[in-house]
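Visitor: Listed below are the residues making up each chain.
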Amino acid sequence: MTLTAAANRRTASDRIVFDEIGKHYVRAGDQLQVLDRCSFTVEPGEFVSVIGPSGCGKTTLLNMAAGFTAPDDGSVRVGDDVVTRPHPSRGVVFQQYAIFPWLTVARNIEFGLTLRANRRPRGERKDVVRRYLELMGLEPFASAYPKELSGGMRQRVAIARAYATDPQVLLMDEPFAALDAQTRERMQELLHETQLTERRTVLFITHSVEEAIFLSNRVVVLSARPTGVREVVDIGIPAPRSPETRLSPRFVDLRRRLEGLLRSASTDEAGARR
Amino acid sequence: MLSAGRVLFTEQDLLFDVRVSMTRVCIGVAVGSLLALPVGFLLAWYPTLRAMAEPLVNFFRALPPIALVPLVIVYFGIGEDARISILVYASFFAAVIVLFEGISSIDPLLVRATRVLGANPWEVFIRTVVPASVPHLFTAVRVALGVSWATVVAAELVAAQRGLGAAIQDAATFYRIPDMYVGIAMIGATALLMDLVLKLIQSRLTTWQEKTR
Ligand SMILES: Nc1ncnc2c1ncn2[C@@H]1O[C@H](COP(=O)(O)OP(=O)(O)OP(=O)(O)O)[C@@H](O)[C@H]1O
Ligand SMILES: [Mg+2]
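Residue numbers (the numbering used here), protein chains in the order written: chain F, 1 to 274; chain L, 1001 to 1213.
Bound-form chain F, shown alone (with noise of 0.2 Å):
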């Protein structure tokens, strides 16, 4: 498929609506309220991050998204379907490198392509590995098994594997939170690329206000338990973005509003606690 196909593809279904969620946890006999009326939505080909204090339910809403998790109250929708269970079409990336041990870089990017769901024929499945190895910059260790890889590798991998499916949306859970601060910000470059040639519908947890900040069109800031939306915010910083980004007025200006937003937002939880 062309690059312009695959973007035209994108239309009005594959947003992301979540639409008054609420969600509880029974642990040791209390009832724990995790979400309340949680609502926001990823338009199709957006980037929104999600930034929230911890434990308030960020994975959570992403296991509903994917379909690991179903909501108490209310319902995930992407395009015109309620989530109800995993589907190819929502790629996930998780923060352990969930890559098979057993199959090289290569058969682990061509994976998803192999099963009965989204199988395409040999050579297809061959451009598309040999077009997201060159994307990740992972050419010269197609054949090698994962252990030989460092983390920063390890996550590109799991990153190629979700696109080569062709996903609608792709969901990411902090995938980038155990690598080193240099690691992390080159991951994020080569993301923010990724993103602007391919152009998926992307909900993006981390708990990083400047990757946040690099990443995104908005960023959805949520409040402490019982979790709903305290405020999104609007980026607004054209593309392609650069290293030199990070250090624009507008880019510090953000940051401080969002670490303020954030900070008040735990605040709000420790006085919720007393």
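Think of the hints as simulated: they come from the structure by calculation, not from any bench. Keep in mind that the hints are not guaranteed to be accurate.
In the DSS-like style, the derived pairs of lysine-lysine whose C-alpha atoms are separated by at most 30 Å in a straight line are [to be verified]: (1) F:Lys126 x F:Lys147; (2) L:Lys1211 x L:Lys1199; (3) F:Lys126 x L:Lys1199; (4) F:Lys147 x L:Lys1211.
Starting from the known structure of chain F, arrange chain L with the ligands on it as the hints suggest.
Guide: Frame of chain F; chain L with the ligands shown alone:
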């Protein structure tokens, strides 16, 4: 002892005994592990089944196979069937424990990752659970081999014409102490050799595995 060894190897054909015992062990381990394989997968996959079956497995595993010899003789007589069935029994329970412990320790994240890529349950099993189980299968076979060697000799002490256990028993009857030592050493050496061969195959087949050295 060296001279005893020489006599044993030439006149009494000790290598033949080694071969007889080895054949029994191999058949026992092969059949036992093959039976253990589906059972291990089932127990690992269905927690309720496992909760029901685990006490049972532990009960039967705790019985020393030797203690079953008289019972087996009642049902199977004293032929080759009897000896092999004891080995199958010993191998099966040793392998089943290792298998289901190993298979249930497979990273659930890999299963999740397989599912989000679009795999159906069968594909999850065949493309992820099975390859992730290969190292555990090797461990199971190696444990079964160890248990089987311990069992085969005891079984041969009771009711066998040939085999290493029979050879040792023979030597004991005529009070040939050095011969007994040679026989015992041969058991250790053969078991060691088989384990080495298995380890070699394992490292060939699972080069992908991360080793903590
Ligand atoms: N299966 C569960 N059973 C009980 N409580 C749970 C369960 N899963 C999550 N929780 C609780 O729900 C809350 C939200 O969890 P979640 O993992 O979604 O938070 P998070 O925002 O991703 O946290 P972090 O910032 O640490 O990644 C936490 O307080 C957690 O302890
Ligand atoms: Mg989380």
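Visitor: Holds or violated: Lys147 of chain F and Lys1211 of chain L, Cα atoms, limit 30 Å.
Guide: Holds, at roughly 9 Å.
Visitor: Given the hint that Lys126 of chain F pairs with Lys147 of chain F, test it: the Cα-Cα distance must not exceed 30 Å.
Guide: 23 Å, holds
Visitor: Please work out if Lys126 of chain F and Lys1199 of chain L have their alpha carbons no farther apart than 30 Å.
Guide: At roughly 34 Å apart (the allowed maximum being 30 Å), Lys1199 of chain L and Lys126 of chain F break the hint.
Visitor: Hey, Lys1211 of chain L versus Lys1199 of chain L, does the alpha-carbon distance stay inside 30 Å?
Guide: 14 Å, holds
Hint violations for this structure: number 3 only, all remaining hints satisfied.
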